[in-house]
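Be aware that the sequence shown starts at 17, since it is given in our numbering, and climbs by one per residue.
Worth flagging that the hints you see were computed from the coordinates, not collected in a lab.
Please note: incorrect hints may appear among the correct ones.
Each computed DSBU-like pair below joins lysine-lysine, with the alpha-carbon atoms no more than 35 Å apart [claimed, not checked]:
| no. | residue 1 | residue 2 |
| --- | --- | --- |
| 1 | Lys106 | Lys85 |
| 2 | Lys373 | Lys320 |
| 3 | Lys106 | Lys349 |
| 4 | Lys373 | Lys349 |
| 5 | Lys85 | Lys320 |
None of these values were measured; they are calculated from a predicted model.
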Amino acid sequence: MEELSDALTRQRQEEQRRALRALLARPLIRSDDPAFPPIRRHAATLRDWLARETGWHLQSERDFVRLHKRPADLDDPTRPATVGRGTQRKTLNRRRYALLCLLLADLERGDAQITLGRLGEGLGQAVGDPALAERGLAFSLDHQEARRDLVVVVRLLMALGVLRRVAGDEEQFLRRGLEGDVLYDVDRRLLAALLVTARGPSLVALNGADAELDLDARLSALSETFVPDTPDGRNRELRHRLARRLLDDPVVYLDSLAEDEAAYLANQRGPLLRRLQQATGLVAEVRAEGLALVDPEGELTDEKMPAEGTEGHLALLMAERLAEGGSDKGGPKGVTLEEAESWILRWQSDYRRYWRKSACEPSAAHGLARQTLARLAALGLVRRQAGQGAERILPLPALGRFRVGSPTLPGAPDTSRYPQHDLTESVTDD
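Generate the whole structure from the sequences, applying the supplied hints.
This is the structure we're talking about:
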């Protein structure tokens with residue numbers, strides 16, 4: 017009986033771990049997802065753990081579960097929402113995010129069904145607001161580029177389950193406009209669960225003291241939570257912030273932490289990492305420059321390194337070149353976007369037989385360079401730094417893992433030809 021009890025306990029813990037990993041990977045999970053039943057089964061346990069360790073709230077409904085994640089770093093621009101996969105992958109830029117917010121407000125006021133054309137007309141009216149117009153936001157269904165932005169945003173809402181296509185096709189709408197309209201059902205319960213803030217946007221706008229805040233200050237106000245002015249309250253907030261970063265960020269560098277965060281981590285690193293590892297199955301890597309929770313199974317990352325395809329190969333080539341060191345190879349001083357483009361132009365001829373045809377066009381080098389460097393930045397391997405001249409891309413310590421040494425014959429090792437296995441080479445996210 018004791019062995020049976022131990023086996024059931026291990027099975028329950030493993031199921032809770034898989035449920036938590038699913039929530040970390042996809043904070044909004046509908047009832048048709050295989051991960052939904054175990055999450056609902058262990059909702060109480062997961063809710064208590066998340067509230068205690070991260071300060072995140074788990075909303076469990078009959079048709080969906082929603083993890084109310086709030087990022088620890090509001091200034092991180094490296095992980096925008098994406099729609100589609102591979103070469104069809106579309107990223108939400110600032111304009112598309114603005115259209116998404118306006119579209120959500122329109123859906124909140126709308127009916128249970130709506131057409132794509134009606135959504136576009138609503139956006140056209142919304143951007144007529146003087147406050148938006150003076151910031152250069154414009155939208156018209158007469159322009160195909162505007163319709164393409166609308167379709168990207170709508171497909172994101174379809175992927176989330178907020179919209180469900182009833183009739184029509186978005187591609188026809190792109191080509192023919194209102195003549196190829198599309199009809200959708202609106203899931204209002206999922207729509208209401210999308211917003212994750214500690215404070216309603218309308219409360220920020222209505223507060224006279226907040227009226228003069230700029231965008232960054234308003235974003236901070238939306239996510240700001242009450243912290244009791246007691247030692248326990250401050251320590252709990254520090255624990256939450258560090259846990260969020262470790263679970264969300266590929267690498268946490270010590271020099272990026274505030275003084276109180278670094279002091280708390282120095283004293284509580286062991287217990288904090290132990291609790292996170294036991295609950296998630298992630299593996300902690302602690303190095304001189306920082307630490308990371310690595311996923312051996314590669315499930316909890318939206319950017320993988322290495323990866324297949326032209327973009328994956330290019331990211332490996334760029335990482336290796338930046339990690340080699342030397343001022344002519346990108347070393348500590350980094351490189352400019354133009355220098356990275358010149359590398360890609362040379363690689364296009366070297367690897368033409370392995371890359372897709374469109375990536376080997378000279379005109380593709382600029383876009384590939386930006387895309388590749390954005391991927392490395394999202395993985396915490398490089399950092400963009402604006403200077404007096406051109407923007408530079410600086411290698412970060414975790415990039416040392418991609419430094420490749422020259423081989424030596426067995427029996428006669430020449431360690432001077434290999435990279436120094438110091439503490440800069442082993443912190444990364446799978």
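message = To test your reading of the hints: which numbers does this structure violate?
response = none
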